[in-house]
Every structure is written in structure tokens, then in C-alpha cells.
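Protein chains in written order, with the working numbering: chain A, 1 to 206; chain B, 1001 to 1164.
Rather than coming from a laboratory, the hints here were simulated on the basis of the structure. Beta carbons: idealized from backbone N, C-alpha and C, even for Gly. There could be a bad hint or two in this list.
Claimed, not checked - Derived pair list, reagent style DSSO-like, types lysine-lysine, alpha-carbon separation capped at 27 Å: (1) A/Lys45 to B/Lys1063; (2) B/Lys1026 to B/Lys1063; (3) A/Lys75 to A/Lys22; (4) B/Lys1057 to A/Lys75; (5) B/Lys1015 to B/Lys1079; (6) B/Lys1015 to A/Lys74; (7) B/Lys1015 to A/Lys2; (8) B/Lys1148 to B/Lys1026; (9) A/Lys49 to B/Lys1132; (10) A/Lys75 to B/Lys1148; (11) A/Lys2 to A/Lys60; (12) A/Lys45 to B/Lys1026; (13) B/Lys1157 to A/Lys60; (14) B/Lys1081 to A/Lys49; (15) B/Lys1081 to A/Lys60; (16) B/Lys1132 to A/Lys43; (17) B/Lys1132 to A/Lys75.
What the hints assert, rightly or not - Derived CB-CB ranges, DEER-like: (18) B/Glu1051 to A/Tyr84: 50 to 58 Å; (19) A/Thr23 to B/Met1104: 35 to 43 Å; (20) B/Met1104 to A/Glu58: 17 to 25 Å; (21) A/Leu99 to B/Lys1058: 43 to 51 Å.
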Amino acid sequence: MKHHEFEISQFLDNELPIVEQKTLFSHLSVCDECSKAMSDLIKIKQGVKSVYDEMHVELKDYSSLTTLLESGRKKRNIYRTMFYTVTAASILLGFFLILLEGNYSSLENKYLQLQSEGSRLQDKYTMALNENKRLSEMNKNNFDKMNFLVAKYKIGEPVTLKSPPMKSATKIIASSNKKRIPTGVMYGSLEKITKEDFLVPQIIGN
Amino acid sequence: MNNINLKYEEFSLPKLYEKFSSDIFKYSLSILKHYEEAQDAVQEVFVKYAERENSFKKECSQKTWLLIIARSYCYNRLKSKNFNNERLDDSFIQSYTVDFESLMDIRNALLQLSEEFNELIFLKDYSGYSYKEIAEITELSIENVKIKLFRARQQLKKYLSSEL
């Protein structure tokens, strides 16, 4: 025979549906074991209630609770103040960072501008340097040609130049003699001609 | 216009304390099984209630709300490292004004039950809550409440077999 202790537990808790109650009662009338189980559970339920009813409860009075509540409230106020302070500080910091970001970008633009200006000047300098190199090269060639001429023609003798080696060099020779020399003919009275007499001033690029 | 749909009477905090502190204590004791810890639990539960009073949505009674807070506090307390595990302390034994032998046996049997079974027995047999209300408080299903209560009683019966 199937026993109904689970249903008895529900019945005593007043939670067993009426239909099932009828089945339970008809079972209890024929089952001694379940009747005993029911009386045991009733005893236990009553015993449990008595245990808690008879329990001596010693609690602190409400005033102690108000003290606790007051201290809790103070603590919460402190936390709230801290929260608002931190929030305000965060907002200010945010604004500051945004402003800083604006300044930074203008500085960055300025830096980029200067950088491009710098590279432009660098290019110009390189160009001038190249030009200077080219002119130095040219000057050196002229100087070599003058050296060749000085070695070739004796000083004091009339020199007939079919074509002057260089216009600028001819001018220098002419100005050092303080005489005007017809083109293609040089009458020299210089005892000695030095390299400096033929040097063309170097042009250094700007 | 008076709100006639109010399901229950609403109490102020002092009134709540006066009315339910004892029940909260007993409920906490059923879980914690420690007299002083249960005393502290009552204070903590009412402090927490006062702090969260505004968030109370009135879907259940104030007592049920208090029990839910108490339950949460007690189980957290059980998990905490500094919980006093000396459960069978003298103060608990002295907590009975009537020294019936049978009551002592039942009390000892209750102490042997797990926290969960003890809690369910308290909510049903002492507080008289319905399965539905117990399910709300303990966050169990109604079927689970039924089965667990039955098992708790079977265990109690086993511990008290010599007395019955």
C-alpha cells in the first residue's frame, strides 16, 4: 500500500487541495502507519511552535537602533559629499582636458607650420650651397686658366691675345696697370703678377 | 480619498521594531543558530530597512520585506570568515524560560537540521506563512518549498524518534 506522508505534511500546512484531502482521509481510516505519522507530525509542529514561543528574547531597545541609524546617516552623508566632490572634480577635469586639447591642437598647427617653413629654408640653403659649389668650381677653372697664361707669356712683353681667357681676369690686369688696354693687346709694366691679381671674388649664395 | 486598496497596514520604524523585532530575531536564530549573532542581526536588519525604505516597492508586507533582508544578512554572515561558529553556546540554552525536557529535545533536533531546513520549519510552523509566501522569501519554487519542508520534517522525526 502506498503511504501518504507527503500529503499529510501538506495537509497539516493547510495546503492540500480538497480533492486530495478526501483521498487522504479515506487512506488514513485504513492505514495505521500514516495515522501514526500524522500524529507525530502534529506533535512536531506544536513542539516547534512552543520552542519558538517559549524562547526568551533579549533585544536592545529602539534607542540603540536610533544611535546606529544616526551614525549610518552621518556615514552616508560623508559618502554622498565625497561622491559629489569627486563628480564635480571629474567634470572640471574633463573641461580642462577639453580646453587643453584645443590649445594643444593650435600649438600643433603652429609647430607643423614652422616645420614646413624650416624644410623650405633647408631646401633654399641646399640650393644656395649647390650654387656656391658651382661658382667655386667656375672660379677654380678661371684661376687655372690665368695661371696657364701667366706661365705662358713673359711679363713686360706685349701680349697678343686672340681671345682673352676671361673677361673679368682681363679687367683686373687692366685696373692694376692703371691703363686702358685695347681689346686683345696687353702692355704690361708689372714686375710681378701674383695669383691675387687674377682672383675673382667668390660669390656665396644667400 | 482614502486608498482602500492597501493590502496591509503600514508601520513606522519604531512600531515595526516593537512588533517584529522578536520574530526577526527568532528567524535569524533559526539560520545562524547563535544567540548573540541573531541579536546583532536584528539591529542590522532594521538599519538596512531604514536605509532602503525608499526602495521598498510595497509588493509584499513590511514583515516579509524584513524577513527577506534578514535572510540575506544571515546567509552573508554565515559565509563571512569572522562568523562565530560556536553555535551550541550557553546563551542559547538559557534562552528558554520554560525548561521542558521535550522542548529541549525539539530544540536540539532543530539545531541538527541544516540552516535551510531550519529556516523553512520556522517560516511554516512558527510564522505560519503559506508556501507561496515562503517561496517569495526564500526564492525557491512552491514545489521545492513543499518537498524541502517534507524532508525537514522527516529529518526532525528521525532525530526525535525516541521521544515520539
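If you draw a straight line from the CA of A/Lys2 to the CA of A/Lys60, is it 27 Å or shorter? Answer violated: A/Lys2 to A/Lys60 is near 52 Å, above 27 Å.
Are the Cα atoms of B/Lys1015 and A/Lys2 separated by 27 Å or less? 50 Å, violated
Against the 27 Å threshold, does the CA-CA distance of B/Lys1132 and A/Lys43 hold or violate the hint? Measuring from Cα to Cα gives roughly 24 Å; hence the hint holds.
Given the hint that B/Lys1081 pairs with A/Lys49, does the C-alpha gap stay at or below 27 Å? Roughly 32 Å between the alpha carbons, so the hint for B/Lys1081 and A/Lys49 is violated.
Starting from the hint 50 to 58 Å, judge whether the C-beta atoms of B/Glu1051 and A/Tyr84 obey it. Taking Cβ atoms as reference, B/Glu1051 and A/Tyr84 lie about 19 Å apart, which means the hint is violated.
Straight-line Cα separation of B/Lys1015 and B/Lys1079 no greater than 27 Å? 31 Å, violated
Is the hinted pair B/Lys1157 and A/Lys60 satisfied, with a Cα-Cα distance of at most 27 Å? 35 Å, violated
Would the hint linking A/Lys45 and B/Lys1063 be met if the CA-CA limit is 27 Å? It holds: about 22 Å lies between the C-alpha atoms, which stays within 27 Å.
Straight-line alpha-carbon gap A/Lys49 to B/Lys1132, limit 27 Å: Measuring from Cα to Cα gives roughly 20 Å; hence the hint holds.
B/Lys1148 and B/Lys1026 were given as a pair; does the straight-line alpha-carbon distance stay at or below 27 Å? 20 Å, holds
B/Lys1057 paired with A/Lys75 [C-alpha distance capped at 27 Å]: Holds - the C-alpha atoms of A/Lys75 and B/Lys1057 are around 25 Å apart, at most 27 Å.
That 17 to 25 Å hint for B/Met1104 and A/Glu58 (C-beta), does it hold up? 19 Å, holds
Violated hints, listed in ascending order, are 3, 5, 7, 10, 11, 13, 14, 17, 18; each of the other numbered hints is respected by the structure.
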